[in-house]
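Enquirer: If you want the building blocks of each chain, they are given just below.
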Amino acid sequence: MGKRGLGAELDEIELIYRTRLAELRRVATAITGSREAGCDAVQDAFALAVYRRDDFRGDGSLDGWVWRIVVHRSRDIARSAAGRLTTPIEYSTRALAAEPVSSGSESAVQRLVAELPERQRLVLFLHYYADLGYGAIAEALEVSPGTVGATLLQARDRLRQLMTGVSS
Amino acid sequence: MNDSVAAELLERFTPPATNVSPAWSDVLRRAGVNQLESEPFELRNSSVLSPRSRRRKLHRTVALVGAALLALSVLAAVTPARSAIARSLGDFSAWITGLPGKPAPRSDRDALNRATHSWAGFPKATRLHRLLQTNVDGVSVALDGFRVGDSLCLQVVARGVVHGSDQSCAPLSELKAQPAPALVLLTDAAFGTIGGKHVQIGPNLYTHSVRVDVTVGIVADGVDHVEVRGTSGGTRQALVGEDAFLAISDRPPVGYRTDRAWATLAGHRVAVPVTEAPFDQLNTRSVKQRQPVGPRTVQRHISGGSIAWLDHRRLRGLPVPSADTRFEHDPFLQRVLFQRLIVPDPNSPLGEIVALELHKPLFKNQTGIQVCNLLVGNAGAGGGCDQLSHLFTRGPVETGEQLPNGGDQYETIDGLASDDVHRVEFFLATGERIAVPLLDNVFIAQVNRSSFPIRLVAYDRQGRRIFVQTLADDAGGSTIGPRLAAGAKWHPILHATGPNGKSARILIATKAGGGICASFQVSDGSSQGGCTSTPWHGPALNLSYSAFSTTEGPAFIWGQVKPSIAAVDVQLTDGTTLHLKPVDGLVLAALPRDFHVGRGDRITGYDGQGRALARKQLPGTPFG
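As you go down the protein sequences, you meet chains A and B in turn. Per the numbering used here, residue 1 is the first one in the first sequence, and the count goes up by one each step. Per the numbering used here, residue 1 is the first one in the second sequence, and the count goes up by one each step.
Just so you know, these hints were derived from the structure itself, not from any lab. Treat the hints with caution; some may be incorrect.
[Said to hold, decoys possible] Label pairs and their computed distance ranges (CB to CB):
1) Thr-134(B) / Gly-135(A): 36 to 44 Å
2) Arg-106(B) / Pro-145(A): 28 to 36 Å
3) Pro-145(A) / Arg-260(B): 51 to 59 Å
4) Ala-125(B) / Pro-145(A): 52 to 60 Å
5) Gly-431(B) / Glu-142(A): 49 to 57 Å
[To be verified] Which residues of chain B face chain A? A few of them, derived with a C-beta cut under 10 Å, are:
6) Ala-6
7) Leu-9
8) Thr-14
9) Pro-15
10) Ala-23
11) Val-27
12) Arg-29
13) Arg-30
14) Gly-98
15) Pro-100
16) Arg-127
17) Arg-130
18) Val-136
19) Ser-140
20) Arg-147
21) Val-468
Here the structure is a predicted model, which is why all the values come from computation and not from measurement. C-beta atoms are modelled at their ideal positions from N, C-alpha and C, and glycine is treated no differently.
Take the sequences, apply the hints, and build the full model.
Expert: See below:
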């Protein structure tokens, strides 16, 4: 979806919803820590996008604008619902014992990712789950593409450190 | 850490969902967007409320997560068209998830948007994609696609030595249920004519044949060949691409009709349902019979009925946009007292205008108010009116069938249901059952014509059947069409010449099983007709005008009358009275020059002793 004029068409938003729903929900699930909350966040985010579609200025892509809303809504839900959701997202900050990811428990994986700073997590989610490029991630997170690249490197490095029990 | 390890870790952190069910309706509901404001029925030109002013601010809190999730799961369960979309060979995912092809030329997009600009429910900027294009016999034929709500539409545009366009739509939900890897939407759209012919088919003599005959449809992913067969024999390959097909017959014989189609997927040739378009107005050739299925009897008898919101003029649905070109000049909506636009399925572009209209009563026992219901869709608006006091006297459901083109493969069934009706269901001849969207006493559904005849069943709140009606395909295609008696011949019985030089005649032939078929033909090429059975069950005076437009009035009046009627007077509002003598129960007369409908012309039928037996006010529809 390229750049366009003022306002977004309803059917364009619907098209993004229908074609990217799986990725959207996966990212939202990763952010909120719950599949149910992730679904709800996406529904809410698209409701907001529909409601505010006239506010879309066309200075970026519509996809980026929608992703931004999804990320914001997911973060809001995660913050508001922390402690009440089925899968808690605030984990111990204790460094994990070194063990291969492939043999680690699911809770260890959860804690490992949760150890990352929020921006690093978001970049990872958008990069791996939504297959977004640096430019699209930059639009979604309102940072520069260079920042995305640097953050992605930092995230991978941080994961490595956490997996080997080395504090940064 | 390398990328694959991070990917593996993240794969385990949030595995992909196994089932992703879209719930777009839920999105719109949360947005506070009246779903009728959204793509399916957007009141762009409403003088009452602007689209933006009807938006409500989003009020939601996380505390409502549970309730929202419940609603989400319910919505996902009741919207089968929006269940998981699997991108695999043989499905229609390209159509389900979007619009194949590339944007059509701007001039074509502009033309579509200009034509639909005032239409309620049409998006203000419909995306039109070019799917296929070819040149035949000096004619450039383009196939375009667009979507309106949950309807997908194909548009054929011809340019060159002949010009024209035609379009046809199907509900998106059909693609999920479609067992064949292709879906025919429109058969035998005709562009241009070739003269010099002299072919008698049925009651008609044809002096022209079609120049370019076009059949179109969509195909599933992976389909690489589509073949169609015509009634003249032989098959022809269709052009296939962009998940669509375009089959063209160049200068086919008179009466040519596409009657079979096949799609080839992964080396397998699969038959695709096609319902042959009628050729003459009587369709006396195609008589393939299918038996209706489903319940035949009611479990509770209902007499009378009403629509409370209409009686009390409550504001259900939406206001009727005043500037919609599809019905602003509709003769049925001239003296409206109250009208609303009801859209039973918010994902469909189809709505129904329900109106109360002031009607000058012919008899003292008439209320003077009639109820009108008009189906409004892409092809325009169509419907009719009846005395309010007559509403539901035949049962708790009043039905109508709409088929804009004979080659349309989807027919629309619409109507009104009384307050006694809780739900409506269709039993298709193919064995499927369809829950028909019903809202504010209006129901609308589209059915593939290959599924006819269908049985409409209405239930009360306790689940008891209170109405059963068998509906044949409106065009007679593959269902219960009329058939002439063996050896029956058409012969003319009436003739008239109008003041504008046009002439008309009525021909009749004996119908199989008793009764007659009648064909009304005008020298300009237009014709109407139908068949009736014996004994006579129709109205006493079943007369109608010949075809007319908003700029040119009809030239003739014709129709059928009860056998006991020996003479008919047609009293026109300009003071002219036409005296007609029925022949074999049929009448025909020329109307005065510059005659226009909508003035309340009165018809009176007399018996042999000159006693008035019946009165009627036009318009009416013979063989309706």
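Enquirer: Now tell me if each hint is right for this structure.
Expert: Right, here's what the structure says about each hint:
With their beta carbons about 39 Å apart, Thr-134(B) and Gly-135(A) fall inside the hinted range of 36 to 44 Å. Distance hint for Arg-106(B) and Pro-145(A): a CB-CB separation of about 33 Å, consistent with the stated range 28 to 36 Å. Evaluation of the 51 to 59 Å hint for Pro-145(A) and Arg-260(B) yields a pass: the beta carbon distance comes to about 56 Å. For Ala-125(B) and Pro-145(A), the Cβ-Cβ distance of about 31 Å falls outside the hinted range of 52 to 60 Å, so the restraint is violated.
For the pair Gly-431(B) and Glu-142(A), the supplied restraint of 49 to 57 Å holds, since their beta-carbon distance comes to about 55 Å. For Ala-6(B), the suggested interface contact is upheld, since its CB lies about 5 Å from the closest CB of chain A, less than 10 Å. Taking 10 Å as the C-beta contact cut-off toward chain A, the hint placing Leu-9(B) at the interface holds, the least distance being around 5 Å. At its closest, the beta carbon of Thr-14(B) sits 4 Å from a beta carbon of chain A; the interface hint therefore holds under the 10 Å criterion.
Because the closest C-beta pair between Pro-15(B) and chain A is about 9 Å apart, less than 10 Å, the hint holds. Taken as an interface hint, Ala-23(B) checks out: its beta carbon lies about 7 Å from the nearest beta carbon of chain A, inside 10 Å. Residue-level restraint check for Val-27(B) holds (minimum Cβ-Cβ distance to chain A is 4 Å; threshold 10 Å). Checking Arg-29(B) against chain A by beta carbon gives a least distance of about 8 Å; that is within 10 Å, so the hint holds.
The closest approach between the C-beta of Arg-30(B) and any C-beta of chain A is roughly 4 Å, which is under the 10 Å cut-off, so the hint is satisfied. The interface hint given for Gly-98(B) holds, since its Cβ lies 6 Å from the closest Cβ of chain A, which is under the 10 Å cut-off. Because the smallest distance between the Cβ of Pro-100(B) and any Cβ of chain A comes to about 13 Å, over 10 Å, the interface hint for this residue is violated. Nearest Cβ of chain A to the Cβ of Arg-127(B): about 7 Å, under the 10 Å cut. The hint holds.
The beta carbon of Arg-130(B) comes no nearer than 18 Å to any beta carbon in chain A, farther than 10 Å, and the hint placing it at the interface is violated. Evaluation of the Val-136(B) hint against chain A yields a violated restraint, the C-beta minimum of about 33 Å exceeding 10 Å. A hinted interface residue such as Ser-140(B) counts as satisfied when its beta carbon comes closer than 10 Å to some beta carbon of chain A; here the least separation is about 28 Å, so the hint is violated. Interface restraint check for Arg-147(B): the shortest CB-CB distance to chain A comes to about 7 Å, inside 10 Å, so the restraint holds.
Nearest Cβ of chain A to the Cβ of Val-468(B): about 38 Å, over the 10 Å cut. The hint is violated.
Going through the hint list in order, the structure does not satisfy hints 4, 15, 17, 18, 19 and 21.
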